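Position chain B relative to chain A; hints supplied.
Chains as they are written, first to last, in the numbering used here: chain A, 1 to 799; chain B, 1 to 799.
Since the hints were made in silico from the structure, they are not lab data. These figures come from a predicted structure and were not determined experimentally. Treat the hints loosely; a few may be bogus.
[To be verified] The following label-pair restraints were derived from C-beta to C-beta distances:
#: 1; chain 1: B; residue 1: Phe264; chain 2: A; residue 2: Phe590; range: 30 to 40 Å
#: 2; chain 1: A; residue 1: Pro367; chain 2: B; residue 2: Gly109; range: 22 to 32 Å
#: 3; chain 1: B; residue 1: Tyr362; chain 2: A; residue 2: Ile168; range: 21 to 31 Å
#: 4; chain 1: B; residue 1: Tyr362; chain 2: A; residue 2: Leu113; range: 32 to 42 Å
#: 5; chain 1: B; residue 1: Gly109; chain 2: A; residue 2: Lys261; range: 17 to 27 Å
#: 6; chain 1: A; residue 1: Gln473; chain 2: B; residue 2: Gly475; range: 29 to 39 Å
#: 7; chain 1: B; residue 1: Tyr362; chain 2: A; residue 2: Glu114; range: 44 to 54 Å
#: 8; chain 1: B; residue 1: Phe491; chain 2: A; residue 2: Glu114; range: 31 to 41 Å
#: 9; chain 1: B; residue 1: Asp588; chain 2: A; residue 2: Arg725; range: 54 to 64 Å
#: 10; chain 1: B; residue 1: Asp588; chain 2: A; residue 2: Lys261; range: 39 to 49 Å
#: 11; chain 1: B; residue 1: Glu665; chain 2: A; residue 2: Ile585; range: 49 to 59 Å
#: 12; chain 1: A; residue 1: Ser106; chain 2: B; residue 2: Gly475; range: 49 to 59 Å
#: 13; chain 1: B; residue 1: Ile165; chain 2: A; residue 2: Tyr364; range: 33 to 43 Å
[Said to hold, decoys possible] To be clear about the criterion: a stretch of chain B counts as covered by chain A if any three or more of its residues have a C-beta under 8 Å from a C-beta of chain A, and this derived list gives those stretches:
#: 14; region: 101-108
#: 15; region: 273-279
#: 16; region: 564-572
#: 17; region: 740-747
#: 18; region: 765-772
The C-beta atom is built at its ideal place from N, Cα and C for all residues, glycine as well.
2 protein chains.
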Amino acid sequence: MANITKKVSWSSRGDDSGLTGEGTPLLNGSEIPKPSRQLSRSGSVFRIGRFSTVDLEDDITSEEDPIRGRPKEIPHNEKLLSLKYESLDYDNIENQLFLEEERRMSPMGFRCLEISRWVICGLIGILTGLIACFIDIMVEKLAGYKYQVIKENIEKFTEVGGLSISLILWAVLNCAFVLVGGIMVAFFEPIAAGSGIPQIKCYLNGVKIPRVVRLKTLVVKVIGVICSVAGGLAVGKEGPMIHSGGVVAAGVSQGRSTSLKRDFKMFEYFRRDTEKRDFVSAGAAAGVSAAFGAPVGGVLFSLEEGASFWNQMLTWRIFFASMISTFTLNFFLSIYHGKPGDLSNPGLINFGRFESDSVAYYYYEIPLFMCMGALGGLLGALFNSLNYWLTIFRIRYVHRPCLQVMEALLVAAVTAAVSFTMIYFSNDCQPLGPERNEEYSLQLFCADGEYNSMATAFFNTPERSVRSLFHYQPGSYNPMTLGLFTLTYFFLACWTYGLAVSAGVFIPSLLIGAAWGRLCGILLASFTPTSPIWADPGKYALIGAAAQLGGIVRMTLSLTVIMVEATGNVTYGLPIMLVLMIAKIVGDYFQEGLYDIHIKLQSVPFLHWEAPATSHWLTAREVMSSPVTCFNRIEKVGTIVDVLSNTSTNHNGFPVVVQVLDSDEPAKLCGLILRSQLIVLLKHKVFVELARSRLSQRKLQLKDFRDAYPRFPPIQSIHVSQDERECMMDLTEFMNPTPYTVPQDTSLPRVFKLFRALGLRHLVVADDVNRVIGLVTRKDLARYHLGKHGLEELQLAQT
Amino acid sequence: MANITKKVSWSSRGDDSGLTGEGTPLLNGSEIPKPSRQLSRSGSVFRIGRFSTVDLEDDITSEEDPIRGRPKEIPHNEKLLSLKYESLDYDNIENQLFLEEERRMSPMGFRCLEISRWVICGLIGILTGLIACFIDIMVEKLAGYKYQVIKENIEKFTEVGGLSISLILWAVLNCAFVLVGGIMVAFFEPIAAGSGIPQIKCYLNGVKIPRVVRLKTLVVKVIGVICSVAGGLAVGKEGPMIHSGGVVAAGVSQGRSTSLKRDFKMFEYFRRDTEKRDFVSAGAAAGVSAAFGAPVGGVLFSLEEGASFWNQMLTWRIFFASMISTFTLNFFLSIYHGKPGDLSNPGLINFGRFESDSVAYYYYEIPLFMCMGALGGLLGALFNSLNYWLTIFRIRYVHRPCLQVMEALLVAAVTAAVSFTMIYFSNDCQPLGPERNEEYSLQLFCADGEYNSMATAFFNTPERSVRSLFHYQPGSYNPMTLGLFTLTYFFLACWTYGLAVSAGVFIPSLLIGAAWGRLCGILLASFTPTSPIWADPGKYALIGAAAQLGGIVRMTLSLTVIMVEATGNVTYGLPIMLVLMIAKIVGDYFQEGLYDIHIKLQSVPFLHWEAPATSHWLTAREVMSSPVTCFNRIEKVGTIVDVLSNTSTNHNGFPVVVQVLDSDEPAKLCGLILRSQLIVLLKHKVFVELARSRLSQRKLQLKDFRDAYPRFPPIQSIHVSQDERECMMDLTEFMNPTPYTVPQDTSLPRVFKLFRALGLRHLVVADDVNRVIGLVTRKDLARYHLGKHGLEELQLAQT
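Next up, chain A with everything else stripped away, as it sits in the complex (with noise of 0.2 Å):
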């Protein structure tokens, strides 16, 4: 037993690899490596026979590459992936404690279990509902009142003259809420920024991101959201939803809060990643739901974004929570409104019913619908491009909080300076009808019974906007309107997303597509002014929002079916459908979605659906980490709290070895260990001394474990003492024996369908006698992908 750590010093990848470079392309299709030369070269340099002791210091070696040459300042680009995100452990630690415990329980436990789930998603899906209900009547309240107020005072002034003081009252009440909105966010909880729909991706896909799904981040997230949007900016209050719906099934389904102390003795069993993971699923399924009024919308949402392996029973379930997150918004609204019981008020935003009848489509609008289409790409592409640069910018400069404050205070002044500009300069009047009583209607300099169109469009939240575009009747809008609210709206959307405000993007999209769609729909009717079927602009408004949406975050099918179920009418599935298509395809070869461009400034390592389709020559050799920080099976304390505590590597996970004493056979794979669970282990000081029998060692239950999660302390505030450094340490019954291997000539298409369908963290990679090489992680599989010159590499880096 005197090889304490084990250093397997294969290394397949030489100082060229790029790793070290400046992150330019490294590989691409037309210079293939031939792998038989590759081949030939890892016969030379593996060493067989058994492992020498190194020292410490040497031994502890990186799961990644070391990163040398690293250029001090690094330019934040998608070029790089970051090392500071982990992985969640999608994989079931299959150890012996948790074989025994599984095996313990009776099939009525099961069901007992599987009852906690439903009820668990019931609760998210109220909860959810709950939280939807309190931002929409809050947000109807404040910004009834802002606009009540900012109402009278115009009118006021209009005859008088002095309409600058009322420019005045309206910059001042958009930055007091965007203020308050604003220093929520920068100072208490920067995670709580923007939509919260690329961290929820992100972490369906398997990144832990910091602080996503804590109460905290919810409670920012809740009275941010409500700010900005009474605050007046271009945002909609949906994405948000979303990541709360998130963070509400986080918090349930662990049966108690962390962050407030207290535990419920409740749902232990799923304190584990997998169990965790499924539920942030469902929860983000109920907050699109909410959103939306879109069940079925909300699953497929989940599905597309997150999942990897299909359950039935877990997508039951998640349409479970989202059917009972309408529900409940739809009750507890239809009790606000004074109508009890009315259950078909869908969601928070209502885009209206489209009557089949009265706006039917026929076959040859198909063709005007799928050039909506590719103008929604390209508008959508160079949305993302604009936001892709400010975003840089921002990144750059505007880091401190207080500088992100005063941009965003920034963004609401000139919003409502553009605003009451555009409205003060339109000299679209139209009469007032009955349909408009719900809205707050500005006269303005309209004769009296008339209001003025374009303040429909500018003095109102967003998703009153989107109706009025979506179902006003045909004439209610100039073309000149609708053009000049395009433009203007666009480029403060734009500027606005990104901001240190809780803030989605579909609203704003929507609201866009749905101007230039219904100026499309006029344009049209003005060309053949014969024909009845071009009639309403309506339609061509709903089309375009899609194509708009659709251009900026580029989902496809489960856009289709929210579209559809906001809507009301499955009339319209095919259009919309083709119309995202079209988008998506558009938009694609100009620029990525707006979610997935953010997610790479971040430097997520997020794992897409399929390895990148030209990377079969790439083998798990060539991929894997190497060398690999093993640990004996029975392994001695310092060694681990050395390993452990070394700073500049932080590994999560570690082979475990096993040696025939005083035998020649190289060490043998034999298990799979995580960094917290040795941190529990120290912690609670299972150490076998080597004077007493195995014995002795403390007996340790799941329960321990799961206490622990998740948030397992460092190793530095574990004191081990230097008598227990020199005690050994059974890891038998606590790592997992079975890890998934794959052997080193395994594809990379092969090594990532394996590690994505089942989520898993780490991928040992073991040559032909069982022997660990390698260690495939997330970041090896996302380092590819498909560039424009072929396969690219990204660069690792410690942001």
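This is chain B only, laid out in the frame that chain A set:
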């Protein structure tokens, strides 16, 4: 190279393993064997060291344990698993040939492949839509003609007396149609019987059902379903559409027809199980989409039934195929109906639109809906139990084609007689309103300007009857009429399902449910005559239809979406979902779903989503089949021929092992090769004569394997001379060099997860020095299921 075939002789299953027993529950939750005991047993039985050469006769051992003492007459029950079904290979065979091809391919090549996939999905959608259109028009024409003739006849004889002649005419016409359909199915293609959904479910699950996706099956199915619907049986044409879509997909994606012996030299890349199965998912979705006008429901159906690893691009393609299918159907039907361009006609079954305003529901109705769901579950379980006994009776006594045709004729005649009697004795006369113009209203003994209400239910295609029940205004049906109709149709539908005709169970279920649902509505309204809420029984008909269908087929997510899309109204999403859930829970308590019953009665090794919950104490060692027939990497042709010719075992996958010459080291796993590959190698005589160098081996291309796919010739058709038997065959570049392996201590759920998530066919169990000790196949996993008394093990049989 003396050891030709290796026999790894350790076996974990003794003779008492239940495989040879009578199929009684062997394992249950309360008798958990200690894993430690098994661990220790393995140590003593496992022979380490060099393998001995054994006689070929002994050598060819079964992938499964030999079936000894099996009773001659196997009772057809669900406690059996048939060995005659093979698995599909969803795992790519990444051998050298494949990898070389992939590596040669440029990024543009991959893009072209992706585009072809989309094109194929488009074609699948178009063709499926056309077939649906053809079926719909044919049924309408034929049934219209039939009902017209009978109606005239009845009207003629109503006054003069002698309606028995009308009855005979009706029965004869029905029988004539059913005779054609029955003969087609029973004599030409028995697999085309029934709805085809169980078969497609199995195919998507990864089981190769013989002849299920052939052109002949499609032709018989289409003609059969037209005949059975026109023949007045209690059947629907929707299930068969799903099967038809699957066949179309399997045909189109291969770019050739093996039946017609035409090869268009297209889409050769897709000639393997992995790709084909993906396309069949798309085809099934397109079928659902065409049948119900439910593109999203189609996607969800495919995913619910088929998906293991969810892939975003695949899902989009499936969605695309679904959308195109609905579009094609609507386009051509709109032309047929003389309203070209009106695309809002949803699918084969048109539920008619539920306008939300007229039939809103209130939250206090939800408990009522839930009770109806429970009732649906009960009735569904009754239906399934009756059909189960009937099916067993049929398997035992009605297995000759002429008997099957006669039974079908009997059912047709009885259906006509019962319908006629019911109509004859009904005295439910209703005034003829303007909305009845498209129906075949029978006046019979009613006054002028009135029609017989029972006849709207019986004297009609089932689709139209469903629509009438949903939408006719309150008071159109007597409670008595509905009650009698429910009762008779329930038994008729139950008797009909499983006949040797192509027929679906969706529409009969909906019809039964709609009838008793409407009855519930009427009864509720009569209890509370003052309240206007219960006024419309149409919504109760909808809920009843959902409950009954859910109780019979037990789908939830996809069925909810299908119902929502077919009604064109999302408002009813929540109640429909709740009702389907309740129906499933209640129904599952008594009996399985109808499709699952039929799958079990066919003894198909169907893999569910997860391993049974209480199976954690089983490990790969207990589950796997052993000993395993392995080949050497360079193997004697004679040995291969002998192994493949052994009809008693009929293996499909063989681990390939390599042994260092004259060394004591055990033979190590180095690959996996399939029977089909070996057959192609033998056919092309890819032999190395010992005298010559290795280079003389004929170079095979992937094309040779693709050309032989999917109907590989039997080994008996390949002649190998005595000289050739002495040659050697080098398997290196054909075998899959990196098969997935698991250690022998892996728990069953873990093995199951790997197997299911990656769609494997063979999973090698290796020990810690990489020796093959067992092989896990589909049957080894499908054997275990959770019965009433805990974990049960099914018998394997050759039936």
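| query | Which numbered conditions among the earlier hints are violated in the structure presented, ordered from lowest to highest? | reply | 3, 5, 7, 13, 15
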